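Protein sequence lines, in the order shown, are assigned to chains S and D.
Using the working numbering, read the first sequence as starting at 1 and increasing by one per residue.
Using the working numbering, read the second sequence as starting at 1 and increasing by one per residue.
If you're looking for bench data, these hints aren't it; they were derived computationally from the structure.
Bear in mind that the values here come from a model prediction, so they are computed numbers and not experimental data.
All C-beta atoms, glycine included, are put in the ideal place defined by N, C-alpha and C.
Do not rely on the hints blindly, as some may be mistaken.
As the list claims (entries may be wrong) - Covered stretches of chain D, going by a simulated chain S footprint (3 or more residues, C-beta under 8 Å):
1. 55-66
2. 73-84
3. 105-111
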Amino acid sequence: MSPDAIDLFGATAMRSVAGDPLGLLAQQVYGGALIVFALYSVVVFAIAIIADRVGRNREFLGEYFLGSRSLGMWAFAMTYAATSASGGTFMGVPALIYTHGWAVGLWIGGYMIVPLVSMGLVAKRMNQVARRTGAITVPDLLRDRMGSPWFGALCTLTIVLFLSLNLIGQFKAGAKIIETLLGGQFAYEQGKLLVVSWLGDGLGMEVALREPGYVLCLILFSLTVIFYTAYGGFRAVVWTDVMQGAIMVAGVLIMLPLTIWAVGGLDAAHRKLVRMTPPEHRHLIVERVDATSGESNDTSASDDSANGDSASGDSASDAASTASIPKGAWILLVEPESGRKRVFRTKSRSELREGATQVVWKPIDPADPPHLIPVIELTTPDEIERIDRQELPPGLRVRVAEAADYTAAERPVPTFEYASGAGEAGAYVRLPGPDPKRPEGFLSLGLAMSFFLMWNFSGSGQPSNMVRLLAFRDSRTLQRAMFTMAVYYAMIYFPLVVIFALSRVLLPGWEIEPDRIMPEMAAHVTHLAGVPWLAGLLLAAPFAAVMSTVDSFLLVNASSIARDLYHRSIDPRASEGRLKAISVGSTVVIGFAATWAALDPPQFLQDMIVYTTSGLSTCFLAPVFLALYWRRFNKAGAFGSMLAGLTVYNFLYGYGYWQSGFRKMEPLEPFGLHPFVVGAAASFAVGLLLSLATAPPADAEVKRFFGEEEAEDAPA
Amino acid sequence: MTSESDPSGRSLASGLASSASKSSHWPLDPVYRHARRETTVIVLICLLMMVWALGSARLFGFGTLDVETAERQAILGVPTWVFWSLLVPWVLGTAITGWFCFFYLADDPLGRERPPAGLANDDDPASVSKGALR
């Protein structure tokens with residue numbers, strides 16, 4: 001290996017682990033993650049028990065769903081911040097930054113002012129109006145403000161529909177993150193065997209036989225989050241959010257200096273990034289050659305696989321029988337005539353079957369042609385020079401698929417290059433950023449504006465955020481919490497952009513699965529710094545993020561059923577004991593229902609999470625804002641506003657889905673504007689127009705919410 | 001800014017408020033008036049930050065450059081546009097949030113807590129949820 005060679009797999013300590021599809025993470029990393037996960041679970045259970053003790057002897061519903069409106073500065077700031085930062089923040093955003101470079105910084109640039117806007121826009125008024133009506137939930141508040149139980153029911157229904165879909169996706173995301181972190185551990189492997197024997201063989205669950213690791217992690221994730229949420233209620237959720245928020249910021253702040261050190265400083269990294277060009281998507285054809293015949297081999301295959309450095313535990317060295325090429329394997333090819341060196345990385349696993357003369361790739365995506373192994377080809381000269389090893393079983397000959405091969409496979413010749421930024425030095429440091437599919441690049445100015453507005457204003461319309469605005473203690477708490485959150489976000493989001501913009505300098509070729517860049521970077525930088533055990537803490541950040549979001553969504557959904565539906569509409573005189581049973585029961589039932597659905601989740605999961613999260617904001621932003629600030633806003637306007645948001649938003653998604661032939665959940669974006677922006681604008685417009693076109697609300701009602709408090713009602 | 005003590009409804013979307021409150025003779029709640037003013041300022045700050053971030057990105061960030069020029073265009077090891085469009089406004093945005101919180105956002109009393117709706121009319125307090133929130 002050359003002195004500057006990339007330590008692809010973190011040297012020997014990062015030796016592959018059987019069962020890990022990519023085989024890249026070290027046992028030490030897994031060990032660290034397992035210990036952290038175990039400690040983490042113990043702490044959240046303890047928090048739930050303490051929260052339950054503290055909350056006893058207080059009015060049950062207000063305590064269980066709102067922590068008795070007593071959140072102090074730290075709790076309020078951290079629960080708001082942690083709920084907003086989901087698994088996507090630590091898995092999806094890093095993947096985007098890795099793929100598109102610094103441009104993603106502008107894509108999430110709106111976060112520079114999110115704490116002020118999303119919290120400040122409605123916080124004070126919302127808290128005040130909630131106190132006037134005794135509201136515990138957002139539908140509670142809107143129902144009283146608009147004087148319409150039916151409007152309250154519409155709010156409840158919207159929340160339950162969107163959040164139930166969202167929870168399925170979040171549970172799956174949580175399980176997948178834990179699977180990524182724990183995979184390969186001894187305890188994990190034993191757990192998988194139990195799942196197979198109990199659930200698979202015992203109960204006949206087909207999915208337990210097919211994906212025991214996923215089922216195990218889903219059960220672990222679900223039991224933890226359902227238990228502490230159901231048992232401790234809002235207070236437990238808030239306290240665990242504080243811990244989870246601390247884990248997230250610790251992860252980022254440790255990772256930042258380690259990354260900058262690992263790349264040799266920001267200046268050195270910038271010089272390398274400037275010279276990087278996007279990879280190309282190609283296919284390879286791998287054929288077996290008779291090793292004894294001495295026939296020439298097209299590859300420059302070294303014997304890395306034979307000396308134990310192969311990335312896959314089951315890559316057979318005996319190509320005469322069965323061999324496999326793992327996902328993530330590097331393949332070198334030196335063109336015999338020109339001497340040009342080409343470097344490829346496999347995008348999926350392929351196998352040579354017994355007796356075959358060709359490596360037969362088992363296609364994951366049926367759209368890809370058979371016998372052609374999908375790979376990316378590096379195009380940055382510096383990276384190509386630095387990679388000098390190959391993980392390919394000996395006795396195989398490789399060549400790059402040409403037009404005739406696609407024709408033979410009866411497939412059209414695909415586009416190899418990125419639609420934007422191909423061959424362009426500086427693509428990763430400039431705007432609009434390279435993009436594999438969009439010819440206009442990753443981020444146009446219009447799209448950047450759309451996202452800037454969306455990040456800021458969609459947070460204000462999110463019911464799980466709004467319920468926290470009902471819960472803070474006083475104005476001084478709001479002042480301090482808002483500033484705390486601004487500092488907190490500055491410490492999380494900008495460093496995340498820096499870390500993952502630099503990540504491609506350290507780890508090339510992760511376009512094959514960019515979602516793994518966070519765990520890979522955690523493993524890589526801690527290994528380089530000689531502290532691999534620390535990776536456990538860094539890897540805890542994503543699962544803390546997903547858990548802090550799921551617990552809040554779970555509780556908001558349960559409150560919709562227990563408070564809005566049962567208590568307010570069915571049995572207002574329910575005893576405390578019954579309310580308690582229904583509240584805890586609905587948390588548990590919704591949690592297990594989401595778990596059950598996540599066992600066999602619908603398609604487009606990540607898209608579903610995005611769709612439901614911004615969908616809720618689209619529906620709620622305008623009605624809530626107008627209800628709090630506009631005296632003329634009336635019942636008709638409220639219905640119109642929410643239904644307009646709901647209709648326009650779903651139309652844009654439905655039309656996009658239909659346009660893709662029901663294959664992709666990509667919304668229609670008129671003028672490059674996100675559906676949230678279009679839907680919320682329609683919601684505001686219809687709310688305003690319908691209110692003006694219909695009779696104004698009664699003066700007494702308006703006074704109740706906009707007039708000064710009567711002397712006898714003044715605060716003590 | 002709108003006429004703060006005017007209960008006639010000329011508010012955020014000036015001119016839209018009308019008949020409902022025109023005839024009213026009650027004073028507007030001061031917390032509402034403060035919140036309305038603060039919200040207007042928040043929206044203005046957000047728009048200004050957006051103009052700054054996107055404007056400077058347009059100025060420094062778009063378009064292809066040759067390698068040497070792109071390499072030179074860096075401040076503190078990050079691309080020039082990242083410095084002006086992200087780093088500087090991020091620090092500034094945090095500072096503005098601090099100013100807003102501690103020097104602009106009024107420390108208003110948020111009012112007395114009412115019992116949750118649905119509980120107030122119970123005639124058998126022993127059998128129902130305990131009264132008001134704390």
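Here's how the hints hold up against the structure:
Beta-carbon proximity to chain S at under 8 Å applies to 8 residues in the stretch 55-66 of chain D; the threshold of 3 is reached and the given coverage holds. Coverage of the stretch 73-84 of chain D by chain S holds. Counting CB-CB distances below 8 Å, 7 residues qualify, and the rule asks for three or more. For the stretch 105-111 of chain D, the proposed coverage by chain S is satisfied: 7 residues have a C-beta within less than 8 Å of a C-beta in that chain, meeting the threshold of three.
In terms of the numbered hints stated before, the structure departs from none.
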